[in-house]
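A.B. asks: Below, each chain spelled out in residue letters.
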Amino acid sequence: MKRVLVGLLLGCCLGVVLGASVQAEEPKIGGVVNAVIQPEPPGLMLAMIQNGPTQMVSGNIFEGLLRYSPKLQALPGLAESWTVSDDAKIYTFKLKPGVTWHDGKPFTSADVLFSIEMLKKTHARARNNLLQVEKVEAPDDLTVVFTLKQPFGPFLGIFEVGSMPIVPKHLYDGTDWNTNPYNNAPVGTGPFMFKEWQKGSFIHLVKNPKYHEKGKPYLDEIYWQIIPDAAARSVAFETGKVDVLPGGSVENFDVPRLTKLPGTCVTGAGWEFFSPLSWLWLNNRSGPTANKKVRQAIMYAIDRNFAKDVIWNGLGKVATGPSVSSIKFYTSDVPKYDYDPAKAKALLKEAGYSGEKIRLLPLAYGETWQRWGEAVKQNLQDVGMNIETIATDVPGGNQKIGDWDYDIAFTYLYQYGDPALGVGRNYVSSAIAKGQIFNNVEGYSNPEIDQLFADGAVATPDSRRKEIYEKAQKILVEEVPVAWLLELQFPTITRCKVKDLITTAIGVNDGFRDAWIDK
Amino acid sequence: MLSFIAQRIGKGVVVLVAIIVMNFFLIRLAPGDPAMVMAGEAGASDKVFVAQLREKFGLDRPLPEQLFVYVKGVLALDLGFSFRQQAPVSRLILERLPATLLLTLSAFVISLALGLLFGVLAARFAGGWIDTAITVFALIFYATPLFWIALMAILLFSVALDWLPSFGYETVGANYTGFRHVLDVAAHLIMPATTIGLFFMATYARMTRASMLEVKRLDFVKTARAKGLSDGVIQRRHVLRNALLPVVTLAGLHAGTLIGGAVLTETVFAWPGIGRLMYEALLQRDYNLLLGVFVVCSAMVLIFNLLTDLVYRLVDPRIEHAS
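Chains as they are written, first to last, in the working numbering: chain A, 762 to 1280; chain B, 36 to 358.
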């Protein structure tokens, strides 16, 4: 017998609860929001470019089959309901009827099928997520059926707009995707339509009057202003020229000053799905960091509370291990590494470390990361490590990390709500591949961990998955393949008159469909 | 004259091709390529995906073949396609050209006008307080980093006084037309153009002053004075005209770089120019776009060098005579 998860009911209930919580006040219709986008997106075709700014703008234009609540429960998107078979291998999505593309053409299951085929060729993460899919079928215009090769626990978590954007088949099928003119004037089903892009200045979106969620969006227009200098972005907010500074738009040291301005609100919400976690890659293959004791010493040597309180202005949390506390199956029941330079020195002595040079690669993402690099260098030097900082830009850093040409390197990665999607890739042996980044670049290899992550992805029910992932976390924290730093929080700063900007787990990346201005 | 121009154009084409070849290899020496950048942004990467991207960008071909294809394209006036921005390179550059030319030409005019004025005044009153004041003023703007002047100008004129807009080319969303639009763009232009203008003004002022003082000591000026010509006529017709040659040289070199924009100033004031486009292309290892900007900039330098040589002939007939 088919086990039916009543997605519709769940979605509706959650929608109502979410709606009730975010719509205590009656939204007012109309108005323009000016938001900062940084850096300027190279393009707006989300299926082909997946950088942060592209998703932030295009999350208003395109949509995914599902959305996610801050608790990471699936909500209806372009799919209004879904069911899962008893063997957890067949997922049937019912699409919302009456949805149209911005050019007026109807949205159907054929668009979903086409998008999946396209994404397999253009979207590295979607491609990985879809590896478990045996086939996708569309029995009618409003039904899509995914058949998996085996049960895959996080499958319902791969359908947000950035992970699997749905694109218009009628505009892309049979064309050269790279040179398709709609790449720079995208057509989606989302709450806002593309109007104009003055390169280097702004991107202008206007309300989709035929949007499928009745009454939404409330805003008339959005201007994404392109201001490349961080100090100039702060001034733009200070002088009232922009209303929204999405997370990471200004340097951390400017955040306290800006949030004290009258009529200014700040929130750390909207990152629950991405759950950014920062850590230091430690080269497990060669050099001093190949020794577990040296890696443990690094964990004790770094004052992570200082980094949180001073460099990140109190934002975020000290990480306890490979999982962020907001994602599924997290446990804090793991070995602890409090700041303890004496213990670090003792471990280095035990390891036989005798001052060999260690190369530290900071992250070239601006002043905050540069300062953090200096703080970590100082921490490590204080316990007697011989650290040499290697300066590089982002592509250069990626190349060095991909080529395993480093000893310690800063990074931060998203976890996408589930350890099978965003955690395992950094620790399992099968993810060791030279020339690639964001996989197991530290070179950690442990058959037990490989087995646990392999089992965890396909195990049922969730209680079993929890058991597996908790065990994996304990082993990893003991082994310290990388040195976990902070669960990051990027504050979104807004004028308080802009209401309900962030209502789901992907925050401003989910489009401004719920946002309104209290005039 | 015509054979001189033809000869210079011929040499220019050779230099341009040499520049392309050098830049082509130079930018590939930097670690990382566009495929790596894009895979990085996707938050996941696997061998097949990166290989697909490299194939798409033509990066899997041997370097000489890539170079041949590129040079062939440039000689047919095709600067290639930016896979990163999914648009032809020439379009991307042309989109930014008006803003860049407006900013850099305004800055050029400001710097040249003020530089000549201050240089002449300083030379005329050499050793006096006007000379000292101008020299100190020029040195301050020459020695202070541009981005610092820019940020201080924003703090003063945008934040404290609220007289001028702090960023952009125009007021976004205002949709001004006609004269209102001109005024709006002018208001946005004042700070960035003056910031760059004051920096170059300093060099022109110092150059003009030094050159005029040198020419003043020459015999023909004494002769003019002995002939009983007025001081104003001597300064204008004899001293300034002869003192202009080094200034023209400097202005020619400066003019050639105008098209490259001003990366720092454009960044601080969010001016949508070519300087920023070039910087972003570099960070994203957008090879075709970066090379495209280099080609256009190099061509402009060559053209302005030629023009400078022609202006020399007008300013100093001896050059025409000698050639």
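Calculated directly from the structure, the hints in this document are not laboratory data.
Worth double-checking, as some hints may not be accurate.
[What the hints assert, rightly or not] Stretches of chain B that chain A covers, calculated by requiring three or more beta carbons in the stretch to come under 8 angstroms of a beta carbon on chain A:
| id | region |
| --- | --- |
| 1 | 65-72 |
| 2 | 84-97 |
| 3 | 110-122 |
| 4 | 192-200 |
Don't be surprised by glycine CBs; every beta carbon is placed ideally from N, CA and C.
A.B. asks: Each hint should be assessed against the structure and marked as holding or not.
C.D. replies: Evaluated hints:
| no. | hint | in the structure |
| --- | --- | --- |
| 1 | 65-72 | holds (count 6) |
| 2 | 84-97 | holds (count 4) |
| 3 | 110-122 | holds (count 6) |
| 4 | 192-200 | holds (count 4) |
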